[in-house]
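**Q** Each chain, letter by letter, is given below.
Protein chains: 2
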Amino acid sequence: MKIGYLGPSGTYSEEAAYQYRPDAEMVAYPSIPAVVDAVEKREVDRCVVPIENSLYGAITDVLDFLVRTDDIFIAGELAIPIDHCLMARPGTALADIKVVYSHPQSLGQSRRYLESTLSHAQAIASLSNAQAVIDMRESDTTAGAIAPRRAAEIYGAEIIAEAIQDNPNNYTRFVVLDDSDRPPTGRDMTSVAFRFSEDEPGLLYRALGVLRENSINMVKIESRPTGERLGRYTFLIDMEVHRADPVGVQTIEKLREMSSWFKVFGSYPRMAAPPIRA
Amino acid sequence: MKIGYLGPSGTYSEEAAYQYRPDAEMVAYPSIPAVVDAVEKREVDRCVVPIENSLYGAITDVLDFLVRTDDIFIAGELAIPIDHCLMARPGTALADIKVVYSHPQSLGQSRRYLESTLSHAQAIASLSNAQAVIDMRESDTTAGAIAPRRAAEIYGAEIIAEAIQDNPNNYTRFVVLDDSDRPPTGRDMTSVAFRFSEDEPGLLYRALGVLRENSINMVKIESRPTGERLGRYTFLIDMEVHRADPVGVQTIEKLREMSSWFKVFGSYPRMAAPPIRA
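Note that the protein sequences, when read in sequence, are chains A and R.
Under the numbering used here, the first residue of the first sequence carries the number 1, and numbering increases by one thereafter.
Under the numbering used here, the first residue of the second sequence carries the number 1, and numbering increases by one thereafter.
Do not take every clue at face value.
Unchecked claim - Some chain A residues flagged as far from chain R (calculated, every beta-carbon gap over 10 angstroms): (1) Arg21; (2) Glu52; (3) Thr92; (4) Ala125; (5) Tyr171; (6) Ala193; (7) Leu208; (8) Ser223; (9) Glu228; (10) Tyr233.
Stated by the list, open to error - Here are the simulated DSBU-like cross-link-like pairs (lysine-lysine), alpha carbons at most 35 angstroms apart as the crow flies: (11) A/Lys220 with R/Lys220; (12) A/Lys254 with R/Lys220; (13) A/Lys98 with R/Lys2.
Everything labelled a hint here was simulated from the structure, so no lab data went into it.
Backbone N, C-alpha and C fix where the C-beta goes; we use that ideal spot for every residue, glycine too.
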């Protein structure tokens, strides 16, 4: 089994892929579009990609890919804690660090730590958290990097501080993408997307009414721009039902009828909610 | 009148601020939190910040700030086209460019151009589009930058190609933030946010029902994580009504009653929709 993930080695995506299938062969790709392309082209059997963070919301690249593709389905979900570590070359003192590399999102998530403890250092953007460790190692000045624990092991860096993110409840939900979804287990989720024709306000309300009539719990609603113009959206809904359940079949049929465009992203076993940290 | 914006000079935010008030004194800040802080501290009278892009969706930093603050209101909106330009030091040939700097989002928005025309060049992340031009100028190797037209004038760069973004209909909607919102004009928008208590599914459906009963058109719905845990959201709605209109007063009262937390971001004159480009 080959699993694609957003590399380089040492990213949170790699951590999630290992948690999903510790025994699989992991294949790194340079971008989320490249990861999902690899599944479409069958270079890998599946991929594990981030879809939602508990603090920062949707990973919109992945949502937009799911809207565009026809051949890839959500086959599973899992969540991992995002514990940012400050790391540097072995023996580096905190006070000597002059620049800190990380992905702009991780820099933002560690704002309080950077302001209180590293206010003397300059933040520099890297293309990924793992790339930040490479950038740190290649830096001419004394540098640090914000990255996952795993990246320190892989690149031979020393961890100076752990879990430096502003909010301890920083989790990312990942989805497993495959060429088909999964059969019913009795505790399933179905992800769908739909758009309405231009001039019919109130249709979203009617669509949610279909779920209420069928006693289906909606777990999540997102809106994404269609790209046609400002103010036109695709709606993405996660609902607690399997699309092969009779009530799922009926609900999807009704939603499809009222939409100008409709798509099932897949039905898959629902994960347990991650613990809340004090 | 002093207007704060996300600098450095040469960003799309600066373009939007000039379009809103060409005669104002513009003050650049290094991050979106710093811009809105400046309004809270009355260092500037207002600020102009991006809130939504027609291709990439919500600018979540700004939404999350509006959820957190109590003193700042949306007082207006405007949209400008996002036309990315490839620029370099005067006299640089396209074929000689070895690295291209830009904000990761602009690199993503210009993917097709980069793959077809600059496949020989390496993409490097900068902290903003305007910073990309500075990085380009300071680069040891022959470099290009993807940035707004205005940045070329300011930093003395030469434009090699214009409007290189994948989709011509790339618009960003900006909002004006101030210490109060605006009186009714007859064509207004109201932005609100609300959360429900933990265990009541179906409340979002009932909330949208309140809008339907009062014949109020919902223009936009977003969900943002509350930060407590995965799966808990704040809903943000833009609706075509003024909060001082009788029907607005009534709707807001009902929404407030059914929410565990409720907030009005402001009522403001609605902008005209930008044109669609072929």
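**Q** Hint by hint, which ones does the structure fall short of?
**A** Numbers 2, 4, 5, 7, 8, 9 and 10, in rising order.
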